[in-house]
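First residue of the sequence shown: 29, per this note's numbering; consecutive thereafter.
Don't read these hints as lab results, they were simulated from the structure.
Possibly wrong hints are sitting among the right ones.
Claimed, not checked - Derived CB-CB ranges, DEER-like:
#1 Leu92 <-> Leu68: 35 to 41 Å
#2 Val86 <-> Trp64: 31 to 37 Å
#3 Thr83 <-> Trp47: 26 to 32 Å
#4 Pro42 <-> Tyr94: 42 to 48 Å
#5 Leu95 <-> Val67: 39 to 45 Å
#6 Tyr94 <-> Ser40: 43 to 49 Å
Every residue, glycine too, gets a C-beta built ideally from N, C-alpha and C.
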Amino acid sequence: MASLGLGMDVKSTPRYLYWLFCQFELITCSYLMEPWEKVLFYSFNLAMLGLLLYTAYVFLISALHYLT
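Model the full assembly from the supplied sequences, consistent with the hints where possible.
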């Protein structure tokens, strides 16, 4: 059997990802939302994550530029 190195089989990876998604829905209570609310909620969260990653990238590039 192919292994991921963490004691998990590759065949169980989709099941584990589904479990993580279910945990995310439980933590954020998004399982109670209607489909259109989920689209808005997930879109907002993805936009904020994108902005955070972009800001971190720009800041790190400028900070590393001053170190050299």
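We went through each hint and held it up to the structure:
1. Leu92 <-> Leu68: 35 to 41 Å: 36 Å, holds
2. Val86 <-> Trp64: 31 to 37 Å: 33 Å, holds
3. Thr83 <-> Trp47: 26 to 32 Å: Holds, at about 31 Å.
4. Pro42 <-> Tyr94: 42 to 48 Å: Check passed, 44 Å falls within 42 to 48 Å.
5. Leu95 <-> Val67: 39 to 45 Å: 42 Å, holds
6. Tyr94 <-> Ser40: 43 to 49 Å: Since the Cβ atoms of Tyr94 and Ser40 sit about 46 Å apart, the hinted range of 43 to 49 Å holds.
In this structure, every one of the numbered hints holds.
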